[in-house]
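**Q** Given next are the chains, with one letter for each unit.
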Amino acid sequence: MKKLYYGVAYYDEYMPYERLHEDIRLMKEAGINVVRIAESTWSTHEPQNGVFDFSSVDRVLDAMYEAGISVIVGTPTYAIPTWMVKEHPDVLATTKQGQGKYGARQIMDITHPVYLFYAERIIRKLIGRVSRHPAVIGYQVDNETKHYGTAGDNVQHRFIKHMRHKYGSIEALNDALGLDYWSNRINSWEDFPSVVGTINGSLGAEFERFQRQLVTEFLAWQVAIVNEYKGEGQFVTQNFDFEWRGYSFGVQPSVDHFAAAAPFDIAGVDIYHPSQDELTGIEISFGGDVTRSLKGSNYLVLETQAQAFPHWTPYPGQLRLLAFSHIASGANMVSYWHWHSIHNSFETYWKGLLSHDLQPNPVYNEAKTVGADFARLSNELVDLHKRNKVAMLVSNEALTAIEWFKFPDGSNYNDIVRWMYDELFRLNVECDMLSPYVTEQELERYDVIVVPGLYAASDSLLHMLNTYVEKGGHVVYSFKSGFASEAVKVRTTAQPGIIEKACGVNYQMFIQPKDVGLRGKQGYEVLSCEQSVSTWMELLTPISADVEVLATYQHPQWGNYAAITRNRYGKGTATYIGAKIAGDKLQLVLEQVLEQAGKISAEQRLPQGVTLKTSYNEAGQKVRFYLNYTAETQRVAYAGKDGLELLDKRTIGSGEQIVLKGWGFCIVKEA
Amino acid sequence: MKKLYYGVAYYDEYMPYERLHEDIRLMKEAGINVVRIAESTWSTHEPQNGVFDFSSVDRVLDAMYEAGISVIVGTPTYAIPTWMVKEHPDVLATTKQGQGKYGARQIMDITHPVYLFYAERIIRKLIGRVSRHPAVIGYQVDNETKHYGTAGDNVQHRFIKHMRHKYGSIEALNDALGLDYWSNRINSWEDFPSVVGTINGSLGAEFERFQRQLVTEFLAWQVAIVNEYKGEGQFVTQNFDFEWRGYSFGVQPSVDHFAAAAPFDIAGVDIYHPSQDELTGIEISFGGDVTRSLKGSNYLVLETQAQAFPHWTPYPGQLRLLAFSHIASGANMVSYWHWHSIHNSFETYWKGLLSHDLQPNPVYNEAKTVGADFARLSNELVDLHKRNKVAMLVSNEALTAIEWFKFPDGSNYNDIVRWMYDELFRLNVECDMLSPYVTEQELERYDVIVVPGLYAASDSLLHMLNTYVEKGGHVVYSFKSGFASEAVKVRTTAQPGIIEKACGVNYQMFIQPKDVGLRGKQGYEVLSCEQSVSTWMELLTPISADVEVLATYQHPQWGNYAAITRNRYGKGTATYIGAKIAGDKLQLVLEQVLEQAGKISAEQRLPQGVTLKTSYNEAGQKVRFYLNYTAETQRVAYAGKDGLELLDKRTIGSGEQIVLKGWGFCIVKEA
Amino acid sequence: MKKLYYGVAYYDEYMPYERLHEDIRLMKEAGINVVRIAESTWSTHEPQNGVFDFSSVDRVLDAMYEAGISVIVGTPTYAIPTWMVKEHPDVLATTKQGQGKYGARQIMDITHPVYLFYAERIIRKLIGRVSRHPAVIGYQVDNETKHYGTAGDNVQHRFIKHMRHKYGSIEALNDALGLDYWSNRINSWEDFPSVVGTINGSLGAEFERFQRQLVTEFLAWQVAIVNEYKGEGQFVTQNFDFEWRGYSFGVQPSVDHFAAAAPFDIAGVDIYHPSQDELTGIEISFGGDVTRSLKGSNYLVLETQAQAFPHWTPYPGQLRLLAFSHIASGANMVSYWHWHSIHNSFETYWKGLLSHDLQPNPVYNEAKTVGADFARLSNELVDLHKRNKVAMLVSNEALTAIEWFKFPDGSNYNDIVRWMYDELFRLNVECDMLSPYVTEQELERYDVIVVPGLYAASDSLLHMLNTYVEKGGHVVYSFKSGFASEAVKVRTTAQPGIIEKACGVNYQMFIQPKDVGLRGKQGYEVLSCEQSVSTWMELLTPISADVEVLATYQHPQWGNYAAITRNRYGKGTATYIGAKIAGDKLQLVLEQVLEQAGKISAEQRLPQGVTLKTSYNEAGQKVRFYLNYTAETQRVAYAGKDGLELLDKRTIGSGEQIVLKGWGFCIVKEA
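Residue numbers (numbering that gives the first Met the number 0), protein chains in the order written: chain P, 0 to 670; chain W, 0 to 670; chain C, 0 to 670.
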């Protein structure tokens with residue numbers, strides 16, 4: 000990219016009265032230099048089957064070009080028009096809950112030829128029309144694409160073929176998935192039942208993997224069409240999103256982000272998060288680390304919140320902090336959903352930069368300072384890159400498997416992911432994200448790999464992790480890792496199976512903890528704590544002389560079993576955490592591993608709520624972001640080489656104290 | 000009416016053995032002078048298609064007449080017989096949840112010609128048969144009528160025509176309802192989808208208004224039929240009810256009471272409410288105020304609880320208090336559901352005046368005192384009327400709109416209505432109820448109008464309220480008032496839109512409060528309170544020099560914004576309450592407005608739990624009810640002119656102390 | 000039976016690799032002498048329609064025989080193969096929720112001829128093949144059989160005929176079930192609607208009784224087929240189970256255990272229960288008492304937990320305690336579900352004796368001690384019988400009726416059953432279970448009958464209970480007893496209806512208690528307690544001079560009513576408990592009745608958590624089990640005649656102190 004982009008989603012089609020030139024005037028004042036259009040307005044662009052009207056696109060492109068604002072054009076395929084559903088009701092996805100009803104977006108069967116026919120036609124019409132327009136810098140295909148639970152007869156039909164292709168014989172299928180159980184055995188391909196009612200977690204997980212594959216294929220199909228039109232310097236992106244808990248929480252269950260990202264030129268994402276007193280910066284960091292890792296490069300925040308919900312209206316200063324937080328994680332664009340608040344329909348209370356009155360307001364006014372600073376610092380802050388030596392390995396397969404076999408307290412995979420990620424964040428240790436399809440070379444770029452709840456994994460991945468340790472790497476596993484095969488078949492050995500070799504412990508029994516604490520062994524007394532174990536615990540027994548038991552359980556019956564262990568294996572270490580321990584205890588365990596690996600230093604020890612993010616610019620200069628996610632003024636000692644604070648253009652000497660106002664931040668570039 | 004009626008619902012058809020003469024004997028002892036019959040027993044009266052058997056009606060009419068007990072005959076149309084459903088299964092309403100199942104009452108499609116054909120036939124048969132019977136004083140058509148969610152293809156078909164009629168062009172429809180959003184735009188009437196899956200709040204609210212219209216039409220249709228038979232002096236009524244939260248809570252969402260009441264001679268209602276230690280009298284007062292306002296006259300309590308649920312079994316004294324509470328609100332009839340407890344089926348634990356043993360019991364014995372007093376005081380207490388100068392404006396449209404856009408904490412419209420109503424009640428300020436279709440003259444009968452959450456409203460109504468203030472009226476608005484158009488389109492101006500003119504404040508931003516209090520401005524320190532704001536808050540800014548800021552928010556970030564304001568506009572004032580503040584603080588705000596308007600006086604300041612209701616008899620004499628909704632003895636000073644306590648026939652001097660026993664009451668008529 | 004059986008469910012079909020001989024080796028080491036096979040593996044045994052493969056059965060039988068391990072063969076009919084559902088989708092039960100989906104077990108219509116045809120064929124094939132095999136000692140037909148909610152058109156059709164047969168005339172039907180209410184009256188058999196939507200509790204209860212009858216018929220049909228093949232000395236059993244609340248809680252709602260047990264040679268059962276610190280022994284005792292009572296004899300625990308859920312992993316010592324607890328209740332077999340933990344599918348976390356690694360582990364090691372002791376003590380502990388003089392009367396009809404008319408706090412029938420049962424258990428008073436179809440002679444075997452919540456009951460049963468008291472028996476009734484007829488028609492007399500005669504009290508009114516306590520009358524001050532009444536209370540009035548009021552209510556309004564009464568009637572007494580009182584108060588009431596009846600003695604007063612179970616061996620010698628369900632060491636005084644502690648072969652003198660370790664037990668046989 001050439002510059003930082005500051006943008007908004009803009010819907011001329013939703014405007015209650017003619018606003019285009021007034022909106023552009025206000026955008027210019029706020030430093031908005033890119034808008035994102037068209038991804039949800041098919042029914043406006045194709046009011047009747049085969050009748051097209053792109054006048055709103057044309058006029059927005061022309062006006063934006065004139066104003067010097069770039070445009071990202073979306074393919075309008077994620078919300079289908081009424082005429083299509085009236086003509087072909089079965090274009091609506093049939094899910095486990097039955098046939099869908101018209102109304103919401105994202106309700107169609109993404110494999111249905113009727114949908115694909117019409118989608119392809121409008122993509123070609125729209126992108127063919129705009130691709131030469133000088134305002135257009137890139138394309139977004141579809142939006143927050145998922146499979147929408149499509150599971151009708153046609154999808155089942157394809158799934159059976161997929162299973163036959165994958166397993167070859169019916170015998171192999173039954174064996175891998177354990178279908179004998181409860182008489183689910185399929186003895187002939189013709190007998191294959193719809194899986195919507197299955198209780199077999201292995202079969203269910205296979206189907207969900209197949210559904211994710213449908214998303215990957217659908218996106219690649221769209222990209223291939225758009226690529227036919229894409230001009231020099233234009234990009235194609237997708238707006239990925241995350242497990243949604245009212246905000247962007249964790250790994251997306253319905254999409255394999257790593258696989259789906261392959262055909263795109265650049266990764267895009269939306270990130271939403273609590274605000275006001277609940278603002279922590281963690282979701283921005285987590286979402287950024289995932290998205291940056293998809294293409295190993297900078298990424299676009301295609302959507303994030305301006306005012307959004309009433310409880311997300313930012314406090315004064317927060318909007319600025321948020322924008323620079325995204326940059327600190329490696330974003331090259333920060334774009335709000337959306338410019339103006341919607342006056343009807345469904346997301347009326349998901350407010351934009353402008354309220355419903357379409358006039359400047361305190362949040363808009365703060366955006367103006369962001370826009371000005373983005374413009375001023377664009378050269379300094381664009382294309383910043385990371386040199387992380389710590390990575391986290393996340394897995395859709397593990398996620399799905401744990402959905403089928405939830406923890407007794409209802410915790411799921413992302414609870415484990417965030418439990419570990421959040422403590423890394425609090426330690427100011429930045430990380431990249433790896434998929435289960437990582438190669439050995441990719442692994443070896445990192446000194447420490449953190450592995451949360453890798454419940455289902457292939458033998459080869461686990462062997463690779465063993466080798467990684469043997470060669471000098473450090474791995475931290477949580478409980479449940481290594482437990483089952485890719486087909487969610489529990490290993491028939493003592494647990495944790497293959498990784499026992501590197502970890503030097505095993506177990507046969509596991510417990511739902513109640514009134515269980517930790518007792519730190521010699522040198523680890525700091526881990527001792529009552530009532531610090533929840534969700535799950537494994538009764539670990541060391542099996543190698545090189546195992547150090549960091550802590551045992553504090554419990555009248557289970558007190559002889561180890562809870563946390565570290566094994567020296569080859570040139571590296573493998574740490575195994577057998578239970579969900581309290582966050583502060585986990586932090587201590589992680590910190591120690593990082594210290595051993597030399598991946599944490601004094602400068603990362605900052606006041607609570609203050610975060611340090613470090614990047615490198617094109618010239619290789621180190622750029623530090625100090626971000627204060629608290630309402631209080633904070634003081635930190637600058638630990639880098641003498642540098643320049645970029646916002647104030649002020650030199651900062653090594654060791655000099657930096658004062659951060661509440662919800663404030665500063666950016667220091669080493670000379 | 001000529002007299003007070005004391006009644007019961009009576010079902011000879013449900014009796015486990017021959018009881019008629021014994022029941023009448025017990026009724027006479029209890030002073031029961033009216034029974035309500037037949038509204039739920041179609042399958043007894045028409046055992047087979049076209050075969051009629053009204054013998055139970057005939058014999059009850061004859062026996063009651065002989066005993067001097069009047070009868071209200073219901074049209075038996077709210078519970079359909081099995082033969083109809085076997086012949087025509089599609090007579091069951093298809094709702095958002097799909098096709099209905101036979102079993103409950105109120106499950107049919109009230110627009111279905113099969114149902115209408117059979118309903119008309121039995122109405123004509125039954126009413127034609129009984130209308131000349133001297134026992135019959137009136138008719139109830141159907142019962143607790145609603146639309147039962149009917150939303151099948153036939154209803155959708157009519158709805159489309161209704162939309163075309165209302166909006167004229169497809170363009171106007173799309174604009175008003177904002178259908179462009181998420182590609183919901185309808186570009187041809189043929190494309191109009193079923194709205195059962197819509198996510199568009201404007202379209203959804205239109206459909207619910209249409210469904211309420213179906214109820215209005217259905218009731219008018221029944222009334223027209225019955226009117227063909229109605230004799231001199233007979234009336235036609237309907238049994239309206241309320242939002243049900245296990246008891247009668249607030250405005251009925253599925254019926255526009257004001258519109259539906261038009262064809263009736265007199266309004267009827269059922270009111271149920273918590274009892275024992277939870278008895279407050281508020282539901283009786285609220286339900287009474289609504290129902291009295293429908294026809295601007297006295298009303299019938301067609302159903303209220305005798306023993307009902309186990310937790311509603313009245314304490315000794317409560318049954319009496321309740322009966323006179325209804326009279327104090329303007330009822331001319333108090334009738335229990337029901338005479339006897341049912342031995343089978345569904346409402347077995349909704350107990351009547353008699354328990355399942357059909358013998359006298361303590362509650363029945365207390366009813367005997369009520370019956371005797373009703374008879375004795377009938378001339379004094381019949382046709383009492385109100386001269387209220389305070390009114391509350393309630394709106395089905397606002398209710399539906401807020402259902403579509405619920406408050407973040409789940410609160411809905413009726414929570415706001417009751418929040419304001421309950422404080423008026425506690426201030427002993429009686430009010431009438433107004434609909435959004437009120438005329439200017441009607442408005443001007445009142446000195447103070449309280450307006451809870453008028454979220455969706457026409458421009459004309461809001462302009463009329465501005466004019467009302469300008470001419471000298473006082474309005475108290477809650478937050479959210481004026482926010483959206485009738486079509487639930489948020490106004491494109493600063494909020495609260497049109498009423499900003501009278502209120503002199505506006506806002507662009509709103510918050511979900513957390514740890515927010517009030518800080519009373521000079522002269523209003525009494526409003527200061529920590530943690531007193533919940534549900535919703537608007538960041539108000541005065542825009543007029545005449546605005547007095549009563550309170551600002553107590554919060555580190557939002558402390559500069561006003562929370563409560565009062566504006567002098569023309570000759571009146573408009574008070575705007577921008578947040579859900581604690582009840583006691585709201586009471587202070589209301590009290591002050593009422594004081595300014597001269598609508599509250601010392602006599603309304605009574606011990607907590609003691610309520611004063613004031614009416615006028617035909618002679619224009621003031622009649623005061625002092626009602627003690629506590630278990631303790633209470634003392635109040637009688638503030639009227641010298642008068643007569645009607646129960647004891649004792650004179651009461653002005654200023655004299657009145658002693659009210661726990662759950663007791665007294666009635667004083669000024670001389 | 001000849002010996003104690005110690006067993007496991009064994010599924011060669013589910014094994015991830017060849018294990019048979021290794022498994023048998025480990026079983027032998029653990030003293031396993033019986034396995035249970037084949038009840039869930041139809042799709043393995045009949046891979047295609049009409050193609051059979053019993054090789055896994057054959058090889059298991061041969062290998063077990065060789066090892067001296069007996070086998071119980073199940074008919075594999077409770078989980079249907081995919082080919083059947085593909086050929087005949089309507090074989091899946093249609094329930095209130097609609098058509099079923101393939102996947103789980105227990106989803107078919109047990110009345111469907113397609114299912115019955117295939118089920119009969121495989122039963123004959125399998126049982127015909129194995130019945131002469133010397134390893135086979137018996138058969139289990141189906142498993143945990145229920146009706147699975149089957150309620151489709153075919154079942155409705157049969158139900159109508161059943162109703163016509165039962166009631167004869169449509170008039171009688173309408174009268175008994177109260178169908179007039181809400182126009183549900185059926186005036187012609189052709190009009191009979193599907194009852195899936197009924198709101199009539201009487202009709203609904205009739206249908207559920209009919210569904211239970213379907214289970215009885217289905218099981219009898221299977222038994223008849225198996226009996227054709229059953230050899231000398233072989234038995235047929237069924238695996239009954241209980242109301243499931245995450246564990247075996249109470250009376251099974253979907254099966255009439257007493258009726259269904261008739262055709263079986265011996266009753267079998269599965270019992271699961273909380274463990275670790277939540278282990279109380281009550282579920283084992285309750286389930287055992289029910290199952291023992293079905294045939295009046297010893298029974299088989301066909302399934303109980305080994306490791307099962309993470310929170311049920313037994314503490315050291317608990318597995319032993321549990322096994323002997325079953326024996327103490329009269330079991331002749333304790334068999335785990337299951338041998339090995341499952342590696343795929345659904346019950347992966349319902350762990351067996353072996354974990355997924357299929358190796359010895361601490362629980363397995365403890366099982367070895369059980370197996371050894373079972374073998375050693377088999378002659379001493381097999382065929383122990385009870386001589387209980389206390390019984391509890393439980394009723395499916397009352398259970399269903401209370402489901403239709405739940406208590407206001409959501410409590411149901413089994414909450415009342417367990418409320419009473421648990422206090423008997425804590426008093427160390429053992430009881431048998433009686434059904435409503437008990438005969439007068441059977442009743443008279445007992446001195447005390449405890450009757451929880453007998454809400455729906457025939458006149459004849461209640462008269463019989465009156466007679467029982469008159470002749471000298473003692474009955475303790477809870478509230479709600481006697482309230483309604485078998486057809487769930489509330490009695491039209493004062494309550495508790497017919498039993499008023501023996502109880503000497505009646506009531507007309509009942510309350511949902513709030514802040515209500517007890518006030519013990521003279522001599523019963525021990526019952527006084529504030530806030531001790533919950534769920535339900537009846538306002539009792541003594542009507543006989545022989546009534547002793549044990550306690551009245553402590554409440555400002557209801558304080559004059561009796562809460563607990565005892566009446567001397569004839570030669571016996573009837574105690575009536577009108578409210579759900581606190582458990583410790585109930586215990587006092589029960590204890591006093593038992594003392595009067597001479598059915599409790601000093602030896603039953605033991606430290607909390609220590610249980611005494613008493614049986615008799617074939618020689619008539621008394622055998623006492625002292626079971627310590629606490630983690631602490633307990634001391635008890637042995638109260639029997641001089642005897643022999645069977646585990647240690649140590650003599651114990653009368654009065655000698657016995658020391659029980661935490662989760663320990665001892666067994667003393669009188670000399």
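Heads up, some of the hints might be wrong.
[Said to hold, decoys possible] Capping the alpha-carbon separation at 30 Å, the derived lysine-lysine pairs in DSS-like fashion look like this:
# : chain 1 : residue 1 : chain 2 : residue 2
1 : W       : Lys100    : C       : Lys95
2 : P       : Lys85     : W       : Lys513
3 : W       : Lys513    : P       : Lys367
4 : P       : Lys367    : P       : Lys388
5 : P       : Lys100    : W       : Lys165
6 : C       : Lys640    : P       : Lys95
7 : P       : Lys100    : C       : Lys640
8 : W       : Lys95     : P       : Lys100
9 : P       : Lys160    : C       : Lys85
[As the list claims (entries may be wrong)] Derived contacts from chain W toward chain P, CB cut-off under 7 Å, selection only:
#  : residue
10 : Tyr180
11 : Asp190
12 : Thr197
13 : Thr491
14 : Gln556
15 : Glu617
Simulated from the structure, these hints should not be mistaken for lab results.
Note that this is a predicted model, so its numbers are computed, not measured.
Glycine included, every Cβ here is placed at the ideal spot set by N, Cα and C.
**Q** Quickly compare the C-alpha distance for C:Lys640 and P:Lys95 to 30 Å and report which way the hint goes.
**A** Between C:Lys640 and P:Lys95 the Cα gap is close to 66 Å, so the pair fails against 30 Å, i.e. violated.
**Q** With the threshold set at 30 Å, check whether the alpha-carbon distance from P:Lys100 to C:Lys640 stays at or below it.
**A** Distance of about 76 Å is beyond 30 Å: violated.
**Q** Run the distance test for P:Lys100 versus W:Lys165: straight-line Cα separation, threshold 30 Å.
**A** holds (25 Å)
**Q** Decide if the proposed pair is consistent with the structure: P:Lys85 and W:Lys513, CA atoms, cutoff 30 Å inclusive.
**A** Not OK: P:Lys85 and W:Lys513 at ~46 Å, beyond 30 Å, violated.
**Q** May I ask you to test the interface hint for W:Gln556 with respect to chain P, counting a Cβ-Cβ separation under 7 Å as satisfied?
**A** Holds - the Cβ of W:Gln556 comes within 7 Å of chain P, reaching about 5 Å at its closest.
**Q** Given the proposed pairing of P:Lys367 with P:Lys388, does the C-alpha separation stay at or below 30 Å?
**A** violated (36 Å)
**Q** When you check the alpha-carbon spacing of W:Lys100 and C:Lys95, does it fall within 30 Å?
**A** OK: W:Lys100 and C:Lys95 at ~10 Å, within 30 Å.
**Q** Can you verify the interface hint for W:Thr491: is its Cβ closer than 7 Å to any Cβ in chain P?
**A** holds (5 Å)
**Q** Decide if the proposed pair is consistent with the structure: W:Lys513 and P:Lys367, CA atoms, cutoff 30 Å inclusive.
**A** Cα-Cα ~28 Å, so holds.
**Q** Restraint: W:Tyr180 near chain P, CB-CB cut 7 Å. Satisfied or not?
**A** W:Tyr180 check passes; min Cβ-Cβ to chain P is 4 Å, inside 7 Å.
**Q** Have a go at the W:Glu617 hint: is there a Cβ in chain P nearer than 7 Å to its own Cβ?
**A** violated (52 Å)
**Q** Would you settle whether the hint for W:Thr197 is holds or violated, based on the nearest Cβ-Cβ distance to chain P being less than 7 Å?
**A** This interface hint holds because 4 Å falls under the 7 Å limit.
Of the numbered hints stated above, those contradicted by the structure are hints 2, 4, 6, 7 and 15, listed in ascending order.
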